[in-house]
Every structure is written in structure tokens, then in C-alpha cells.
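*Asks:* One letter stands for each residue in the lines below.
6 protein chains.
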Amino acid sequence: MSPLTHFDESGAARMVDVGAKPETHRLARASAVVRMSPATLALIRDKRVAKGDVLEVARLAGIMGAKRTADLIPLCHPLPLTSVTIDFTFPAEDSVRIEASARVFGRTGVEMEALTAVSVAALTVYDMCKAADRGMTVESVRLEEKDGGASGHFARDPAPSA
Amino acid sequence: MSPLTHFDESGAARMVDVGAKPETHRLARASAVVRMSPATLALIRDKRVAKGDVLEVARLAGIMGAKRTADLIPLCHPLPLTSVTIDFTFPAEDSVRIEASARVFGRTGVEMEALTAVSVAALTVYDMCKAADRGMTVESVRLEEKDGGASGHFARDPAPSA
Amino acid sequence: MSPLTHFDESGAARMVDVGAKPETHRLARASAVVRMSPATLALIRDKRVAKGDVLEVARLAGIMGAKRTADLIPLCHPLPLTSVTIDFTFPAEDSVRIEASARVFGRTGVEMEALTAVSVAALTVYDMCKAADRGMTVESVRLEEKDGGASGHFARDPAPSA
Amino acid sequence: MSPLTHFDESGAARMVDVGAKPETHRLARASAVVRMSPATLALIRDKRVAKGDVLEVARLAGIMGAKRTADLIPLCHPLPLTSVTIDFTFPAEDSVRIEASARVFGRTGVEMEALTAVSVAALTVYDMCKAADRGMTVESVRLEEKDGGASGHFARDPAPSA
Amino acid sequence: MSPLTHFDESGAARMVDVGAKPETHRLARASAVVRMSPATLALIRDKRVAKGDVLEVARLAGIMGAKRTADLIPLCHPLPLTSVTIDFTFPAEDSVRIEASARVFGRTGVEMEALTAVSVAALTVYDMCKAADRGMTVESVRLEEKDGGASGHFARDPAPSA
Amino acid sequence: MSPLTHFDESGAARMVDVGAKPETHRLARASAVVRMSPATLALIRDKRVAKGDVLEVARLAGIMGAKRTADLIPLCHPLPLTSVTIDFTFPAEDSVRIEASARVFGRTGVEMEALTAVSVAALTVYDMCKAADRGMTVESVRLEEKDGGASGHFARDPAPSA
Numbered sequence: 473m474s475p476l477t478h479f480d481e482s483g484a485a486r487m488v489d490v491g492a493k494p495e496t497h498r499l500a501r502a503s504a505v506v507r508m509s510p511a512t513l514a515l516i517r518d519k520r521v522a523k524g525d526v527l528e529v530a531r532l533a534g535i536m537g538a539k540r541t542a543d544l545i546p547l548c549h550p551l552p553l554t555s556v557t558i559d560f561t562f563p564a565e566d567s568v569r570i571e572a573s574a575r576v577f578g579r580t581g582v583e584m585e586a587l588t589a590v591s592v593a594a595l596t597v598y599d600m601c602k603a604a605d606r607g608m609t610v611e612s613v614r615l616e617e618k619d620g621g622a623s624g625h626f627a628r629d630p631a632p633s634a
Numbered sequence: 473m474s475p476l477t478h479f480d481e482s483g484a485a486r487m488v489d490v491g492a493k494p495e496t497h498r499l500a501r502a503s504a505v506v507r508m509s510p511a512t513l514a515l516i517r518d519k520r521v522a523k524g525d526v527l528e529v530a531r532l533a534g535i536m537g538a539k540r541t542a543d544l545i546p547l548c549h550p551l552p553l554t555s556v557t558i559d560f561t562f563p564a565e566d567s568v569r570i571e572a573s574a575r576v577f578g579r580t581g582v583e584m585e586a587l588t589a590v591s592v593a594a595l596t597v598y599d600m601c602k603a604a605d606r607g608m609t610v611e612s613v614r615l616e617e618k619d620g621g622a623s624g625h626f627a628r629d630p631a632p633s634a
Numbered sequence: 473m474s475p476l477t478h479f480d481e482s483g484a485a486r487m488v489d490v491g492a493k494p495e496t497h498r499l500a501r502a503s504a505v506v507r508m509s510p511a512t513l514a515l516i517r518d519k520r521v522a523k524g525d526v527l528e529v530a531r532l533a534g535i536m537g538a539k540r541t542a543d544l545i546p547l548c549h550p551l552p553l554t555s556v557t558i559d560f561t562f563p564a565e566d567s568v569r570i571e572a573s574a575r576v577f578g579r580t581g582v583e584m585e586a587l588t589a590v591s592v593a594a595l596t597v598y599d600m601c602k603a604a605d606r607g608m609t610v611e612s613v614r615l616e617e618k619d620g621g622a623s624g625h626f627a628r629d630p631a632p633s634a
Numbered sequence: 473m474s475p476l477t478h479f480d481e482s483g484a485a486r487m488v489d490v491g492a493k494p495e496t497h498r499l500a501r502a503s504a505v506v507r508m509s510p511a512t513l514a515l516i517r518d519k520r521v522a523k524g525d526v527l528e529v530a531r532l533a534g535i536m537g538a539k540r541t542a543d544l545i546p547l548c549h550p551l552p553l554t555s556v557t558i559d560f561t562f563p564a565e566d567s568v569r570i571e572a573s574a575r576v577f578g579r580t581g582v583e584m585e586a587l588t589a590v591s592v593a594a595l596t597v598y599d600m601c602k603a604a605d606r607g608m609t610v611e612s613v614r615l616e617e618k619d620g621g622a623s624g625h626f627a628r629d630p631a632p633s634a
Numbered sequence: 473m474s475p476l477t478h479f480d481e482s483g484a485a486r487m488v489d490v491g492a493k494p495e496t497h498r499l500a501r502a503s504a505v506v507r508m509s510p511a512t513l514a515l516i517r518d519k520r521v522a523k524g525d526v527l528e529v530a531r532l533a534g535i536m537g538a539k540r541t542a543d544l545i546p547l548c549h550p551l552p553l554t555s556v557t558i559d560f561t562f563p564a565e566d567s568v569r570i571e572a573s574a575r576v577f578g579r580t581g582v583e584m585e586a587l588t589a590v591s592v593a594a595l596t597v598y599d600m601c602k603a604a605d606r607g608m609t610v611e612s613v614r615l616e617e618k619d620g621g622a623s624g625h626f627a628r629d630p631a632p633s634a
Numbered sequence: 473m474s475p476l477t478h479f480d481e482s483g484a485a486r487m488v489d490v491g492a493k494p495e496t497h498r499l500a501r502a503s504a505v506v507r508m509s510p511a512t513l514a515l516i517r518d519k520r521v522a523k524g525d526v527l528e529v530a531r532l533a534g535i536m537g538a539k540r541t542a543d544l545i546p547l548c549h550p551l552p553l554t555s556v557t558i559d560f561t562f563p564a565e566d567s568v569r570i571e572a573s574a575r576v577f578g579r580t581g582v583e584m585e586a587l588t589a590v591s592v593a594a595l596t597v598y599d600m601c602k603a604a605d606r607g608m609t610v611e612s613v614r615l616e617e618k619d620g621g622a623s624g625h626f627a628r629d630p631a632p633s634a
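Protein chains in written order, with our numbering: chain S, 473 to 634; chain V, 473 to 634; chain R, 473 to 634; chain Z, 473 to 634; chain E, 473 to 634; chain F, 473 to 634.
Careful, some of the hints might be misleading.
One copy or two, either will do: identical chains are not told apart, so a pair holds if it fits within one copy or between any two.
List of simulated lysine to aspartate or glutamate pairs, EDC-like, C-alpha gap at most 20 Å [claimed, not checked]:
(1) 493 / 629
(2) 519 / 566
(3) 519 / 559
(4) 523 / 481
Quick caveat, the hints were computed from the structure, so don't treat them as lab data.
Using the sequences and the accompanying hints, generate a full structural model.
*Replies:* Pasting the structure below:
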């Protein structure tokens, strides 16, 4: 059997049947880092200079993006999310770290929702600041934790995120 | 004046008025790298094992994602894209590099469309392979080139992409 | 604690976690009034003159709009609506009153779905008639009733709707 | 001929052919008022109490909503908006007034985009504050000004908006 | 060179670059036939029995569907449609024929928009009548005419549509 | 009572209330046939000539289209699909047959999701091949089977599908 469950035996892509799985509480946390010049980060942090709150715009974009996951990722199941939150921290003078948590009571996990949330939030930071700093990059988009469901708990080693 | 043009003088977010700009041909190229275990990359490259073509799914998702940019990024202008292409290369035994080009004849640039294309393609690679490798990460989401429009040509130094 | 539950203690917007709430039958009714010149209302009511049925178009737009609520309202939960209906009455010779009912079996209420339904229906009436009457206004968009859920039954006093 | 141009001679709804119209700069301004208890307005204005900025959320929702107009209003033409802005004022101790401006260089007007922007912003204010005040209403959703296009300039009398 | 222009030389799917093509007026007409029992057709035609107008619902769905074409068809260009109309005829006692016309002033044709319009309208007829007649089928979804653009005029022979 | 359940007694369209129905496992299978010249079919089957895989693109479009059903069909309920699969067969030298299966655990059936899946997949085949063969048609879009729910099992006679 293929280890890639999104394909059937003949290699056809499919939305995997999760109908027989039980509904359980599921959680996923994902993160991403936006790297930028220290001057750009200073601009984001000092809202008087920027004249507006970049991260609040990014937060809303990320939450709304999570709700569009099944529209964007071809084989994702549509899921009635019960919660999405996004937090920002500043692990270095040139970085914004974005972390999203998504939850659902459902038959399949919400990793893609959490990853979509941080990706859309990161792209929005880029969009808001690109006139000042075209060289920004998004790094380390990754799953931090996953809970609920048959595959059990997953947690990334507490490594380079801070 | 704030260097962040998405805010007005009072700090209010806005969709910047581009009505007075001329329509010109505009191009943007962006890239991202998906890092994974060598075994997962082998799976992607050997379609007989994976029993399906992960990258073709990701390519379509990226192209379709580019068309949803203005739905996802709050202050982006809707733009009638004239072209989107996505290519994959394998810079190392643990990496897929995704590059997207977007074009439009319009009043504002398509950086966000190219960046959204690579981000959605990268997330789709993650989704297709996550049953085999939850530790994959997306790295170096960034603008490679931008052309057309008043701000002139932008090209990133030809650094670590290959 | 803030009385505005869409913000956390730090002031960050979030999609509130409703995962611990029980699923119950929930109903919401909302209404709106479109005010217009008596001549425009006559046009809407006499389908021979208008050569088409403005209110049927508005009704469908409102029902479809209710299904887009979570796409439009940033912190709304996506909900699998089980019913949406829209009715029109004519409380005065210059007014169409729109009332929508939305139902779901879920963890949170459908006020926003009912309010979105009447708002989109009202905007559609405006769109259909604007060539004849640009001065139309939408008034009294409001929640009429809400049932199901921990906050109990809500009913507006039977005041100025007729 | 019917005064309602969205219907043809047989009464069939249609998306009116604007292909023969010239492209011109077009502007529309619309407004709405959200009426609430003075305590709720105080909460919105004092962001320390609310622990978050209701109006910034509403502003982004309104801008994003303007981009969805052709998805929501059945016979609206899709238009590449060149600008959307939203402003808030406080005409009384129980009211927030929302004003949106939309612009395009195109073959048809953007009244519906401006009206959709204020409606979605108003619904978002409702959503953000409904836990505190279910009795809020949206009033006076209306076109304030329209410019560009064959029908000429339209301005509402400078009446009860302040 | 491949005769399938949606693939590049390496077989990768792409949104073809139309940026160098001139903008011209373009038209496409498409049709479809919904076949049903004569009793179901009688129901549709006699709106007193059906207690509602199936075809008006289908018409709106088809027009709105045309606007979603680029969301649905992976490699379609987003296009600012200038007109969409849908007409119904009854070529036999068991058939509704749907014809859609779509127009744009743009760089590429609107065949897919016209075909999507008739398909969504036909599916809506099915949905509205399925409780009465599950055996309905959609037949002969096809392009009738195409005009504008370098490939010239296309018209299907006036064959079995009536 | 009208046999068309999407209308109420007054003829108003509505999203029928399914809130009182039990949640059950539901399945629907639908099919469509794309008829084309034998040369076009040869092109699709010989991926070396086409330089790409038309049917994989169509399969993904169909799966994604199924998820948009409630956006497209006005009175359809939004449903959290648990599975969508699409298969292709070649019943004759001028035909591709598309079959989709959709599943949900819910209060109403998924016929429209299966029919939307095959319709969008068929339109995508048309789009991919239209440069080579404008005369293609989509035929026999129909429900093959339906299971789950109060109306019981439906299966079309095993007639002309092969």
C-alpha cells in the first residue's frame, strides 16, 4: 500500500473516506517565522510610526484563511472549526513568530487549518510591509503539535522556535 | 508619512488607490522550499511508490490559490491574472523547491499572487505527504523578482535558492 | 474580563472556542426594511410593469448569502445550516420588510446568518431597483428572535416592525 | 420598456451587457449607522475596556466584503476595484456611522461595492458586540454619492448623516 | 508541440500566458438539455402546480455560476464578464433546453463561462425537481458559438438542438 | 402540497428544514460522459503526446467542485463531506465516462455533490482539450445511486453506462 493516503491503489487522488472514524476533539498548533530587517520589525512594533497595527490585520487574515482551507487544499475535508487563535512573539530583533491553534470536533485533524492560518498571516505581514522591505522571507512553517484522532499525540521537539 | 502604505495618516487600513497608475505588464516570481526526510522526497520523485503525482496536485493547488489571493490577503487588489506557472526542482536530497511566476496587465504588482501560489503549493505538498512525514517544514518563502510598475525591477541576489 | 468575547485578555481577536458547548437546535430570526418611493414599491409589487420578480431574486440572494456568513464575518464559526427561509411583507406604501429565519443543530448561534441573509436580500432589492430609485435606504436591520444555546431565548419587543 | 434594467423584455433576469460602455473612473460612497446602547458605544471607543479594537476588525471585514460583492449580489458585474476605504464617526452617543468609498476604472458603477462594504462592516460590529448588546440595529444603509458613468453625478442631500 | 495548450513542453499544467493578446470583444454561447418525465416538465411549466418558478432559480444560479468559473476550472483565467444571459426553451415534452451567452472585453474567450452557466443552471433544475423525478439527466452540454479572438468565429452546425 | 419541496405553500423558494432528520451515512454516485473525436481521446490516453495528464486535472477539479456545491446550487445545504472519489473509464473510442462518489454523515443527501463533481470534471476535460476539439459535448449527467436517508435506496437500471 502506498504510504501516501491521498492516492488510491491506482494512483488516483481522492478525498479519503473518514466517515467511519469517530468524532473526537482535535487540536493542531502550527507556527511560522517572518524574517525582516530590524528596521521593519521596529516599524511593526511601534504602531505610532507605522500608523496602524500590522499584526492585527495579519491575525484576522490568518483566522479567515483557516476557514478557507478546504477551498485551497485540494483533498482537505471541509470541517466546522470550533476555534482558531493566532499569537505573535518576537524571538529576535529581525523576526516575528506566528503561532496558530485550530480546534474541531470532527472525524479528521486540523493540521492543514493551523498551517494555512500561519501561512496566510505571514503573507499578510509581507503584504503590509513590502513597500518598506521586499526582502522579507517566511521561514519554518511547520506543525508544532497535533492531538486527537487515532494517530495519537504529535509534538515537535522544543527546538529552534524561540 | 508612514512607510507602510496600507495605512492612511490616521492609521486606518485601506485598499490603496491605484486608479491613477498606468496599466503596465507586470511580473513577479516567488519561491519556497519544502524540507522533508530523504525518504519522503524519494517517495515524491518515484511516482510508482507513491502511486500518484504529489507535485501535479500541488501545482494545480498553487495556480488555483493564486487566483484566490485577493480573497485571502485583506488589502490586496483583485487582479485579472494573465498567466501563472509553477515549477519544481530538487536542490538537495531533502528538499523540493517551488517557484511560481505570475503576470498581469494592470495597475499594481502581483508579488502577493506569486507568493500565495508557492505557499498554497507548499501546503499541498505537506498535506499529501503528512501521513508519511509530519516533520516537514516550509522554508524560504520569498520574492525572487518583480518587474513592471513605478518601483522598477527588483531581483534578489542569486543566493541560496539552488 | 472584557464583555466582548471575540477578544482575549490581551486584546487579540480570536474565533472563540465553542468546542465544549453541547450541540443544540438553534434558531435566529432577523429583519430589515427597505424604504423606497411608493412608485418603486408599486413597480416591485406589479410584476407586469417590472417585467420580473425583484423579490424572488432577493430571496435567493439572501439564502445564498446566509451560507457565506463565515466567509464575510471574520470571527464567525462555519456552521452547517439546516434551514434558511426569507419572507417579504409590505408594512407601508414605501417599504418592503424582509424577515429571515436560520436554523442549525450546532454549538453556536445563527444570529449572524439571519442578519446576513436579510442584509444581502436588502442589498439585492437595492441593486435591482437602483436604476429607478437611487435614494432607497435599508433601515432597521436587527435581530428579532434567538433560541437555543446557553444564553436562552431572546425576543425583541413587538415594536415598530409593522 | 421596464424601468428595472436587470430584467429583459420577457421578465428574465440577466447580467446587463455593459460591453459597449466606455471605461471611466467611477466612485461611490455609501454609509450606514449602527445604533447601540451608549454603554456599548463607550466600550467600542475605550479600547482598554473592550480589550481590542472592534472598528479595525469591522473595517477589514468591510474592505474584504467589497471584494465579494459580485459573489453576493446575483446580477452584479465582477469589477477590479482600485480602492476601498472605510471611515467611522460617532454622530451621537449611541451611534457609529460607517462610510465607505469604492473606486474602479471600469464600465459600470461601484454603488453595490460601497453598500456591501458598509453592510458587512456594520454586521461585523454587531457580531463583535452582540454578547454585550443584542438589541443593536443597523440603520440608514444608503448611497451618499456616485460619480463617473453616463448617469452623471449623484449626491444625496446633506441631511441626517451627522 | 502538444496540441493541448494547458501543458508546457515538460507536461506541467499552467495558466497559459495571454498577456500579449489584444483585448477584444468576445462572445460565447453554450447550451444544455435537461431531460425529464413529461409530468416533471408539466410541473415546471405550470407554476401554479409547482408553487414556484424553477427556471428563475436556475437562471440566477447559472448567472452566478458563470462568475465562479475561474474558481472552478483550474486553468481558467479570471475575467471581468460584461454580460451573462440565460434562456430556456422546450424542444420536446420531456426536455428543457438551456442556452447561455457570456461576453467580455478581454484577452481570452468565455467558452468556459458559458458552459459553466448552462451546467450550473441544469444542476439547479435537477436539484429543484429531484424530489419528484430522480431519473432526470443532463444532455448535450456544448458550445454553440464563439466569437472574437485570434481563432476566429466558431459555430456548431444547426443540428439536434431543437 | 407541491411535489417540489424547495418551494413553500406560497411558492417561495427556501432551504428546506432538515433539522429534525436523523444524521445517517449517505452516499451518492453520479456519472457523465464526455464525447469527443477519437483523436482527442487518443491524446488524453497517450500522455506522452498530450504532454500532461488531462484526467488528473479533471479529477482534482471535480473533487474541489464537490466542496463548492452549496456555493453554486442556491438551495443546497452546506455539508461536511467525508469522502469524494472520481474515476474515469473509456466506454468507446470517442468517450470518457466520469463517475463520482460522495459521502457524508449528515441530515440530507449528497446527490448534488456527486453531480457537481462530475459536471466540473467534465467541464475541465473540455477546457483542457478545447484547443484541439471545440465540438466535444457532455452527455448523460445523471444520478447512478443514492443510499441513506428516509427516501431509501435508489439505483438507476444498469443500462447504457458501459
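*Asks:* Could you figure out if residue 519 and residue 566 sit no more than 20 Å apart (CA to CA) within one copy, between two copies, both or neither?
*Replies:* Cα proximity of residue 519 and residue 566: one copy only (17 Å, versus 29 Å across).
*Asks:* Taking 20 Å as the upper bound on the Cα-Cα distance, should residue 523 and residue 481 be classified as within, between, both, or neither?
*Replies:* Close across copies (7 Å), not inside one copy (55 Å); limit 20 Å.
*Asks:* Within a copy, between copies, both or neither: which one fits residue 493 and residue 629 at a CA-CA cutoff of 20 Å?
*Replies:* Result: close neither inside a copy nor across copies, 28 Å intra and 32 Å inter.
*Asks:* How would you label the pair residue 519, residue 559 (within, between, both, or neither) given a Cα cut-off of 20 Å?
*Replies:* both (17 Å within a copy, 19 Å between copies)
The structure fails to meet hint 1 from the earlier list, while all remaining hints are met.
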